[in-house]
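Q: The primary structure of each chain is shown beneath.
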Amino acid sequence: MKFLSLIVKNCLRNRRRSFLTIASLAISLCLLGVMAALYYALFISNVPPKAQARRIVTRHKVSIVFQMPLYYREKIRQVPGVEEVMVWQWYGGVYKDSRDQRNFFARLGVEADKLFKVYQDYVLPEDQKQAFINDPAGCVVNKVLADRHGFKVGDKILIKGDIFPFDLDVTVRGIYTSTDFDDETLWFNFKYFENALRNSSRLAAGTFTMLAKSEADVPHICREVDAMFANSPTPTKTESEYTFGLSFLSFLGNIKVILMVICGAVTFTVLLIAANTMAMSVRERVKEVGVLKTLGFEKRTILWLILGESAVISMVGGLLGVLIAQGLCILIRQGPMIVQQTKTLSIGPPVFAALVGLSALIGVAAAVVPAWNASRSNIIDALRFTD
Amino acid sequence: MAIPLSYNVRNLAVRKTTTVMTALGIALTVAVLLAAFSLVEGLRTTFEGSGHPLNVLLTRKGSDSELSSNFPRSVFNDLKFKQGIAKNANGEPLASLEMVTVIMLSSEEFPEGANVNVRGVTPTGIEIREDCRLTSGRWFTPGRREVTVGSSVAKRYPTAHLGGKLKFGRGEWDVVGVYDSVQAARNSEMMVDLNQAAGDFERSEVLSSALIRATDEVARQALINDLEFDTRLNVKARTEKEYYALQTSSGDLVKYLGTFVAVIMAVGSCFAAMNTMYAAVARRSKEIGTLRVLGFSKVSIMLSFLIESLLLSILGGLLGILLVMPLNGITTGIGNFVTFSEVAFKLRVSPEIMMRGMIFALFMGAFGGLLPAFSAARKQILTALRQI
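So the protein sequences, as listed, match chains A and B.
Start counting the first sequence at 1; every next residue gets the next number (our numbering).
Start counting the second sequence at 1; every next residue gets the next number (our numbering).
Be aware that one or more of the hints could be misleading.
[Claimed, not checked] Dumping the calculated BS3-like pairs for lysine-lysine here, alpha-carbon to alpha-carbon at most 27 Å:
1) B:Lys-255 / A:Lys-343
2) B:Lys-165 / A:Lys-96
3) A:Lys-160 / B:Lys-165
4) A:Lys-287 / B:Lys-286
5) B:Lys-255 / A:Lys-61
6) A:Lys-50 / A:Lys-96
7) A:Lys-191 / B:Lys-61
8) A:Lys-61 / B:Lys-286
[As the list claims (entries may be wrong)] Residues of chain A placed beyond 10 Å of chain B at every Cβ, according to the derived structure:
9) Lys-61
10) Val-62
11) Val-65
12) Gln-78
13) Ser-201
14) Arg-333
In short, the hints are calculated from the structure, not lab data.
Where a beta carbon is used, it is the ideal one built from N, C-alpha and C, also for glycine.
Please build the complete structure, drawing on both the sequences and the hints.
A: Here you go:
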């Protein structure tokens with residue numbers, strides 16, 4: 001510990017180099033931080049928000065684009081542990097101009113009286129809830145979405161149909177926020193579907209969302225629902241709402257491998273940068289090491305001095321990188337929702353610890369060879385050394 | 001007068017370790033960018049090479065994909081005798097009513113199952129796709145539960161081999177043939193008899209789309225206008241090529257992610273290159289002084305150091321390209337939000353992409369080398385010479 005001040009002094013002697021190294025480490029590590037945070041949120045943490053943990057989604061086994069008959073609702077309700085079942089149907093459609101990405105948001109028909117029982121994290125005034133339930137052509141929208149498009153209670157929203165042979169003309173009856181995350185969804189009354197598709201075979205359910213009595217019921221409900229329809233013409237796939245959201249990701253390609261490869265490339269780059277700096281810095285100081293040895297410093301001390309210097313520099317870089325990464329996470333949260341996890345992305349304590357640990361490790365690893373060589377150098381050679 | 005290039009090359013060679021480490025950093029950055037680009041490029045060639053220029057695809061108005069489109073048989077019967085539609089040898093119009101749906105097949109990569117497009121067609125549908133050639137087996141027989149699968153499907157899904165049985169719709173289907181087309185997007189589909197499929201999926205009256213062949217390019221445009229403005233039909237007409245071009249957007253996410261990562265890594269690599277160049281300038285102080293005494297101007301010294309940095313980045317760029325070369329030709333699949341199924345394509349590291357990687361590397365070298373080169377040029381002769 002008593003050598004700490006010496007280590008810090010050594011770090012500061014070539015300020016420009018230290019600054020450049022720290023900056024380049026920070027930038028690379030911030031990238032690593034964001035990727036690690038994504039990876040952690042998607043594949044490791046696996047903790048849905050509290051209200052969501054009890055929600056289960058059933059869809060057609062082959063693909064979400066296929067429908068299921070509405071009478072499944074009554075059958076699913078019989079499964080022990082199911083508190084409530086609600087039908088929802090993806091409407092799709094075109095709002096204003098489909099070429100502008102901002103006009104794309106989820107528009108779902110839903111059984112109005114059940115929405116707030118199943119989505120207990122939704123917050124909106126009681127009178128708005130009632131107005132929505134009572135209006136067969138009513139809808140509720142998420143606050144973030146409403147703010148973006150300037151929707152107010154009482155506004156009419158017109159959406160042109162593409163999947164379904166009718167246009168949607170609904171009135172905003174309420175604007176909700178959520179205690180979990182903003183899902184940027186427009187929910188309209190399922191009665192609209194019933195009225196528009198009367199006597200049509202297309203009146204069906206896109207998914208059933210159910211609320212389990214407790215979290216413990218979730219796995220066995222999934223099994224039982226799927227077993228019930230396994231041999232029917234319309235088999236189902238049932239999973240927790242959280243996993244359901246993730247299943248869209250696998251559609252985008254093998255995200256897990258992509259993230260791993262990027263993390264690997266970045267880590268290796270960071271190692272190269274740090275190793276390069278330490279090699280340069282030690283080379284400059286061969287003479288100095290000779291002097292230290294003459295003064296009686298042991299090999300071990302010299303080794304630790306150099307390793308310590310490298311570790312300090314890369315940890316400062318790592319800390320800065322984590323800070324920038326946290327900033328980037330905040331930016332990503334503002335961006336469009338791909339999966340719900342990007343809406344709550346942040347550098348959690350495990351990721352933080354892993355990053356700082358990794359940066360220290362990289363620092364030490366980068367300096368091992370130059371430090372080892374310096375500590376074993378012959379005093380006479382070192383003193384005589386000219387670059 | 002300019003300082004000879006060999007001076008820079010030798011300098012880089014003397015500091016082997018530093019040079020290699022800096023170049024490798026640049027190489028990895030270039031490699032990440034190129035990997036993302038090669039994926040997008042592969043997708044682009046797959047889709048842009050697909051579709052016959054005279055084919056016109058009809059879907060329901062407002063619908064961007066065949067899968068979400070509803071196309072009534074009555075509409076098809078109304079339009080198949082329109083003017084401008086080419087005729088086959090028997091004098092029948094080359095117009096094909098089709099039904100598209102997705103089924104789930106398990107593959108080695110996705111044991112849980114991935115989605116594959118099934119296209120129900122009549123014999124005209126095969127005729128209009130003359131680019132699809134059988135590589136083994138035969139086409140399905142109308143009226144039978146038989147499928148002919150695309151070559152990518154046959155390769156990627158073990159159950160879809162010739163002679164195998166697939167289970168979808170209301171029962172089992174025999175795989176009787178494999179086709180291959182130069183229009184690569186077609187190879188990710190399988191074709192079955194229209195009426196059999198429509199029966200299985202309860203869509204005998206409302207199908208998905210129609211594909212028609214125009215007689216020539218002028219007739220094609222006239223046909224598109226005619227169909228688009230006929231409000232009674234309520235169809236969206238576009239060339240088959242346009243439809244496939246639309247699907248290139250499947251690679252957007254990877255492209256943005258790849259570019260984002262590469263740009264951030266590039267900033268880091270710039271700093272690293274700067275570090276290396278500053279060290280080079282500091283160590284060669286005496287040399288710079290000597291060069292100045294010999295009469296080399298400030299500008300030529302600055303240029304020399306800048307060129308050295310660029311050389312470093314060229315080395316990095318080359319290494320980066322070498323790193324991604326093995327990716328060329330690898331087949332992979334990506335989800336397609338237009339067809340809601342997996343499309344197989346080959347990664348492509350084209351010369352154009354390599355050029356882009358090289359330019360990217362040169363930018364890193366230029367940004368990293370500029371400031372150190374300035375500081376080298378500004379050195380006072382006397383102090384430079386006196387430095388140890």
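Q: Could you run down the list of hints and mark each one as holding or not?
A: Consistency of the hints with the structure:
1. B:Lys-255 / A:Lys-343: holds, 21 Å
2. B:Lys-165 / A:Lys-96: violated, 46 Å
3. A:Lys-160 / B:Lys-165: Violated: Lys-160 of chain A and Lys-165 of chain B sit about 41 Å apart, past 27 Å.
4. A:Lys-287 / B:Lys-286: holds, 19 Å
5. B:Lys-255 / A:Lys-61: violated, 30 Å
6. A:Lys-50 / A:Lys-96: Roughly 36 Å between the alpha carbons, so the hint for Lys-50 of chain A and Lys-96 of chain A is violated.
7. A:Lys-191 / B:Lys-61: holds, 25 Å
8. A:Lys-61 / B:Lys-286: At roughly 74 Å apart (the allowed maximum being 27 Å), Lys-286 of chain B and Lys-61 of chain A break the hint.
9. Lys-61: violated, 7 Å
10. Val-62: violated, 5 Å
11. Val-65: violated, 5 Å
12. Gln-78: holds, 26 Å
13. Ser-201: violated, 7 Å
14. Arg-333: Fine: 16 Å to the nearest Cβ keeps Arg-333 of chain A off the interface.
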